[in-house]
Amino acid sequence: MTSRFMTGLLLWLTLAAFLLSLMAGKVWIWPMSWAADNADGWIFLELRLPRALLGLCIGAVLGLSGAVLQGYLRNPLADPTVLGVSASAALGGVLAIFLGINLVPFGLFGCAMIGACASILLLLAIGRGGGPIGFILGGMVLSTLAGALTAFVISIAPNPFAASEIINWLMGALTDRLMEDVLTALPCMAIGVLLLLTTGRALDALTLGENGAKSLGVDLFRLQWLIVLGVGLSVGASVAVSGVVGFVGLIVPHLIRSFCGEQPSRILVPSALGGAVLTLTADSLVRLIPGPGEMRLGIAMAVLGAPFFLLLLLRYRKGAA
Amino acid sequence: MNLNVQNLGFAHGSTTTLQGIHASFEAGRFSVILGPNGAGKSTLLACLAGLRKPNSGTAKLGDEDITAMPAPTRAKRIGLLPQGAETHWAITSEALVALGRIPHARGAGASADDRRAIAAAMHATATDGFAQRPITELSGGERARVLLARVLAGEPEWILADEPLANLDPGYQLDILDLLRQQARSGKGVIAVLHDLHHAVRFADHVVLLHQGSIFAQGAVDDVITAQNLATVYGIDALLSKDEEGATQLLIKGKMRS
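Quick mapping for you: the protein sequence lines, in order, are chains F and P. In terms of my numbering, the first sequence opens at residue 441 and continues consecutively. In terms of my numbering, the second sequence opens at residue 51 and continues consecutively.
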């Protein structure tokens, strides 16, 4: 009952956050001028709409992958960055900017997706048969390596402008994205989300540990593939269009769990919706902070997320004592 | 329908954990697998449950090879209570028991059959009193019963339990053993890996005694649990006698002196 109620409530909240994201900014654009043939109408169509759609999709993808990964690894501190997919996709994007491939249509997106896919294949090779531990260690190795290579590329950037362009992209933002960006990322995200949504029952079975799940007829190898492909496609695509936005995948499933209970399958859809609400709201607030320019979404999320993470750790320590 | 093991061998890497196992388990009986640590008890149970694929020989349910059965079919027919009573997340007892219905699941939500099986399993294990309590708040004994209810909810023909009594006090141990015996009496096949010889003497209809990866003895309790066998396999000095009601009594005096 609570789960269904929460899903309904979150749907309304998502709609509200989406509308807020369409209206809010240095210039407020009210619904009556959305279709107008003037500056407001153009801002709405060319800037606000793609930005709000991206926020919606990216938030949903991050929230859902966080919930799936926490269920799979049976660890409430897991999130998409754990797998190294974000870092590898970011490395692909950075290389694209460094080599100038980002000037070619789909160049940056393609390179980031190649990065994400390469990390998936490596993960499958490293983590094969190792279960969650092999998976998580492989992910840590990948994200460390990708992070180091990214830093290396920045350090050999030919001029300060290239370096600052790379750093700017890395920080994660939804600013100035076009409708083409949305349409490029959407298919990958949609396939990834569909794959991840099929994992609910298997994640529930893992509540009993791996042997318990296997004895219930769950194919853990298939589950691992589903998760790697689902997270790779959806998070890879989201990094490709928005850079690295962290913490959504970590925070949202936690909040959802305290309302919907802890059964893994019951928090998947609410976590996707919650992720969308959080990302859309944070992105709207970022635009409303007065002053020149705007705070990067990735930074804002980290500023919000780090204290939250600390609170979680304190609560766990209290629980353990 | 019987569970038959023929010439089964299992090797983990280069070490052989099981070899040349021939055994037959009958439905309607409470079978107990005994043996010292590292004798291969859990591995044998995992092969019977279809979780591990033997390197040689076969494990068959009736005339079907267990490892060749599709996983959901196998899961419907053979229920396993794994070692260690592992659970994650603070879900309710009822939600945990409902996991036992996963092999039967079609579409979303619980069917009438599911609800009936869950209620019956919780009633049989006397866990319906705390159906809505999170499993993290249960005592060890309550948790053990909920986990067993999870296996019963799947309505398997066979119930395999790997050390189901670990960390339970004597009263709870007897509760679980009674429940397993009831299941056997109702016609299901029950196989449990146990450590306590007293429990085996008192509850088992059939005993398989493993030693260093092979079967040392198998058969009725009185034929398998003998002072001589216990001395060889466990290195213990035991005294077996019949009490005035004709039941076998076991007294372990200590380690054998060499």
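Hints are computed from structural coordinates only; laboratory data are not their basis. Be a bit skeptical, because a hint or two may be false.
Said to hold, decoys possible - From the derived model, a few chain F residues whose C-beta atoms are all more than 10 angstroms from chain P:
(1) Phe445
(2) Leu451
(3) Ala476
(4) Leu656
(5) Pro704
Said to hold, decoys possible - Simulated DEER-style distance windows between Cβ atoms:
(6) Asp113/P x Leu449/F: 51 to 59 angstroms
(7) Leu561/F x Ala118/P: 25 to 33 angstroms
(8) Arg166/P x Gly587/F: 22 to 30 angstroms
(9) Ala479/F x Ala160/P: 36 to 44 angstroms
(10) Leu561/F x Glu114/P: 31 to 39 angstroms
(11) Met580/F x Ala140/P: 22 to 30 angstroms
(12) Arg444/F x Asp113/P: 53 to 61 angstroms
Every value quoted in this text rests on a predicted model; they were computed, and no experiment measured them. Even glycine gets a Cβ: it sits at the ideal position worked out from N, Cα and C.
Hint by hint, here is what the structure shows:
no. : hint                                    : result
1   : Phe445                                  : 16 angstroms, holds
2   : Leu451                                  : 18 angstroms, holds
3   : Ala476                                  : 44 angstroms, holds
4   : Leu656                                  : 5 angstroms, violated
5   : Pro704                                  : 7 angstroms, violated
6   : Asp113/P x Leu449/F: 51 to 59 angstroms : 54 angstroms, holds
7   : Leu561/F x Ala118/P: 25 to 33 angstroms : 31 angstroms, holds
8   : Arg166/P x Gly587/F: 22 to 30 angstroms : 54 angstroms, violated
9   : Ala479/F x Ala160/P: 36 to 44 angstroms : 55 angstroms, violated
10  : Leu561/F x Glu114/P: 31 to 39 angstroms : 37 angstroms, holds
11  : Met580/F x Ala140/P: 22 to 30 angstroms : 27 angstroms, holds
12  : Arg444/F x Asp113/P: 53 to 61 angstroms : 46 angstroms, violated
Hint check: violations occur at hints 4, 5, 8, 9 and 12; the rest are consistent with the structure.
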